[in-house]
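Construct all of the structure, not just a fragment, from the sequences and the given hints.
Protein sequences appear in the order of chains X and C. First residue of the first sequence? That's 1 in the working numbering, and the numbers climb one at a time after it. First residue of the second sequence? That's 1 in the working numbering, and the numbers climb one at a time after it.
Some hints could be false.
To be verified - DMTMM-like mimics (lysine to aspartate or glutamate), calculated; alpha carbons at most 25 angstroms apart, straight line:
1) Lys96/X with Asp308/C
2) Lys275/C with Glu90/X
3) Lys96/X with Glu283/C
4) Lys50/X with Glu261/C
5) Lys4/X with Glu261/C
6) Lys258/C with Asp32/X
7) Lys5/X with Asp177/C
8) Lys4/X with Glu178/C
9) Lys5/X with Glu178/C
10) Lys258/C with Glu19/X
11) Lys153/C with Glu90/X
12) Lys113/C with Asp308/C
13) Lys50/X with Asp267/C
14) Lys255/C with Glu184/C
15) Lys66/X with Asp10/X
16) Lys87/X with Asp276/C
17) Lys71/X with Glu83/X
18) Lys87/X with Glu261/C
19) Lys66/X with Glu178/C
20) Lys153/C with Asp276/C
21) Lys181/C with Asp32/X
22) Lys153/C with Glu83/X
23) Lys153/C with Glu273/C
24) Lys96/X with Asp276/C
25) Lys277/C with Glu90/X
26) Lys255/C with Glu83/X
27) Lys87/X with Asp308/C
28) Lys255/C with Asp32/X
29) Lys87/X with Asp156/C
Claimed, not checked - A few chain X residues facing chain C, derived, Cβ under 7 angstroms:
30) Val7
31) Ser57
32) Gly60
It should be emphasised that the hints constitute simulated quantities derived from the structure, not laboratory data. Where is the CB? At the ideal position from N, CA and C, for every residue including glycine.
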Amino acid sequence: MTVKKFVGEDPKSVSIAIEDRFDFSLHQQFRDAYSSSNNSGTRFVLELAKATYMDSSALGMILLLKDHAEKLSGEVVINNPSEAVNKILEIAQFHKLMTINV
Amino acid sequence: MVNFRLTLILAGFGLTLLIGINVLFIQIPAISIVTVLLLMAIFAVFFREHQSQSNQIIELQAQHESIDVEIIQHTFTQMNTLISKQVVIVETELERVSDLVRDAVGGISESFKYLQNLSAEQQEMINTIISNNKNIGDDEHTTLESFVNDSSKTLDNFVGVIINTSKQSLQTMVYTDEMVKQLEGIFKLLSQVENIASQTNLLALNAAIEAARAGDAGRGFAVVANEVRSLSVNSSELNNNIRTEISLAQAIIDKLRKSVEEMASADMTSTLEAKDKVGLMVEHVGNVNRETNCVVEGLATLAPQIADTVAVGVRSLQFEDLTFQTLDSLKHNLVAIESLSQQLTLFDKNKGNCTEQLLDIQQQCEDLIEHSEHADSNRSVSQSSMEEGEVDLF
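Here is the structure:
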């Protein structure tokens, strides 16, 4: 389980990739990945293609990220969630809260 | 010759009756009874025509006075015997037919009555199903469908609560981490305080040395220096106590972290399965509802059809009345045949004028014919078809 952060040429676009299990053990790394990005209108892209499992704390983390993005008038986009992860996002009705590119 | 034809006719009459009874035994439809009765009526008419022919023959023979009176009387006696026997047989068979019809109609009536009750019960059950299908039975008219939909919503709310709890727990985690940083800050401050205490201690030691060097003049100052030193020792102790307390607080915070982690991490797999099941249930309930509605509608149209069919059956049971009336009228015909037979026995060769006696018999025959025709026109069976009237047997 790893959290990788990529900041592109445009500092207003932050990409965070999660691999394997997305659970509570990542909370510190995950928060560190976004809390320093304070540019107004930042777009946070969550790459979940390699995330195989997700529990409710992961959903909570994404919501906190969303709060952070909203404070900056930015947005959160989830890219390529695996089937299992996408199902959990569906139950949580995250499709209504943010853009999810399957 | 006459005797032979009469026997033939009566035998035919009896045979027809027997066939009719056999048919009746197998199945009871009113049509076969009516057919049998029609055949019997035809034979009765044949018999009457034959009777008048034989009367004419007797008349002719009497006129010519060339016939043997003895033979006539003997023939009449034999005819009488035969007719009497046949009449008894026909009467017995008529009684049997009556009994059979009565028994059969009784059984059919009972079964129709039972069928009507069953049909009513069935209708009631269908009504119950319809009302059950519409609501579960509470005052809010909850249907099974709305219940399942509510369950789905409740599950969504539950998921929402879980996620919100996780979010809040993670937020708590952030605060906790900040608190830990604060505690680490306090530790740094404490080591500064520790520094100050040891410097004070050193200062007090220096002061004591300086006081000793001053001799008697520094004696008072030595006491003050000593007090300052013990203050520094006390402050060191206090410092250590604070450090211990804060360490305990840190241990408690570690426990808090564990607890918050548990609160934040809920496995969603079971919720996922539950959600899938509820989805399947919604679909299933929809299907069952649709199918049940179809079947119930079908049943609702079937029930009145059953009632109608039973009503037709009940109406058809009027054949009992019609049959009894017809059988009764046949008994009248038998009485006519019997009285004719009686007339035949009155012929006595020793009584004198044979021609007159024969003419008497002829007259009696004419009376019987007239009486029979009168009775025929007044036959109590006025209904020729069972479709015309309605009889409620129950």
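Quick rundown of the hints versus the structure:
Between the alpha carbons of Lys96/X and Asp308/C the distance comes to roughly 59 angstroms, so the proposed pair goes past 25 angstroms and is violated. Taking the CA atoms of Lys275/C and Glu90/X, the gap is about 10 angstroms. The hint holds against a cut of 25 angstroms. Of the pairs offered as hints, the one joining Lys96/X and Glu283/C holds, with about 23 angstroms between alpha carbons and a cut-off of 25 angstroms not exceeded. Annotation: proposed proximity of Lys50/X to Glu261/C holds, straight-line Cα distance about 23 angstroms (limit 25 angstroms).
Between Lys4/X and Glu261/C, the direct Cα distance comes to roughly 22 angstroms. Compliance with the 25 angstroms bound is thereby established for this hinted pair. Among the hinted pairs, Lys258/C with Asp32/X is consistent with the structure: their alpha-carbon atoms are about 20 angstroms apart, no more than 25 angstroms. Of the pairs offered as hints, the one joining Lys5/X and Asp177/C holds, with about 22 angstroms between alpha carbons and a cut-off of 25 angstroms not exceeded. Taking the CA atoms of Lys4/X and Glu178/C, the gap is near 24 angstroms; set against the 25 angstroms cutoff, the hint holds.
Among the hinted pairs, Lys5/X with Glu178/C is consistent with the structure: their alpha-carbon atoms are about 23 angstroms apart, no more than 25 angstroms. Between Lys258/C and Glu19/X the CA atoms are separated by roughly 23 angstroms; this keeps the pair inside 25 angstroms, and the hint holds. At roughly 14 angstroms between alpha-carbon atoms, Lys153/C and Glu90/X fall within 25 angstroms of each other, so this suggested pair holds. In summary, the hint linking Lys113/C to Asp308/C is supported, as the alpha carbons are separated by about 13 angstroms, within the 25 angstroms threshold.
Between Lys50/X and Asp267/C the alpha-carbon distance is near 19 angstroms, which keeps this suggested pair within the 25 angstroms criterion. Distance restraint check for Lys255/C and Glu184/C: the Cα-Cα separation of roughly 17 angstroms lies within the 25 angstroms cut-off, and the hinted pair is therefore satisfied. With a C-alpha separation of about 20 angstroms, the suggested pair Lys66/X and Asp10/X falls inside the 25 angstroms cut-off, and the hint holds. Between Lys87/X and Asp276/C the CA atoms are separated by roughly 10 angstroms; this keeps the pair inside 25 angstroms, and the hint holds.
This hinted pair does not check out: Lys71/X and Glu83/X have alpha carbons roughly 30 angstroms apart, beyond 25 angstroms. Of the supplied pair hints, the one linking Lys87/X and Glu261/C holds, its CA atoms being roughly 23 angstroms apart against a limit of 25 angstroms. Among the hinted pairs, Lys66/X with Glu178/C is consistent with the structure: their alpha-carbon atoms are about 21 angstroms apart, no more than 25 angstroms. For the proposed pair Lys153/C and Asp276/C, the alpha carbon gap of about 13 angstroms is at most 25 angstroms, so the pair holds.
Proximity of Lys181/C to Asp32/X is assessed by CA-CA distance (about 15 angstroms); at most 25 angstroms being required, the pair is judged to hold. Of the pairs offered as hints, the one joining Lys153/C and Glu83/X holds, with about 23 angstroms between alpha carbons and a cut-off of 25 angstroms not exceeded. For the given pair, Lys153/C sits about 15 angstroms from Glu273/C by alpha-carbon distance, which is consistent with the 25 angstroms threshold. Between Lys96/X and Asp276/C the alpha-carbon distance is near 19 angstroms, which keeps this suggested pair within the 25 angstroms criterion.
Using a Cα cut-off of 25 angstroms, the hinted pair Lys277/C and Glu90/X holds, with the two alpha carbons roughly 15 angstroms apart. For the hint pairing Lys255/C with Glu83/X, the CA-to-CA distance comes to about 35 angstroms; that exceeds 25 angstroms, so the pair is violated. A threshold of 25 angstroms between alpha carbons decides the hint, and for Lys87/X with Asp308/C the separation of about 57 angstroms lies outside it, so the pair is violated. Note on Lys255/C and Asp32/X: the hinted pairing holds, with a Cα-Cα distance of about 23 angstroms set against a maximum of 25 angstroms.
With a C-alpha separation of about 14 angstroms, the suggested pairing of Lys87/X with Asp156/C holds against the 25 angstroms cut-off. Taken as an interface hint, Val7/X does not check out: its beta carbon lies about 22 angstroms from the nearest beta carbon of chain C, beyond 7 angstroms. At its closest, the beta carbon of Ser57/X sits 4 angstroms from a beta carbon of chain C; the interface hint therefore holds under the 7 angstroms criterion. Annotation: interface hint on Gly60/X holds; nearest CB of chain C at approximately 3 angstroms, less than 7 angstroms.
Checked against the numbered hints given earlier, the structure breaks hints 1, 17, 26, 27, 30 and satisfies all the rest.
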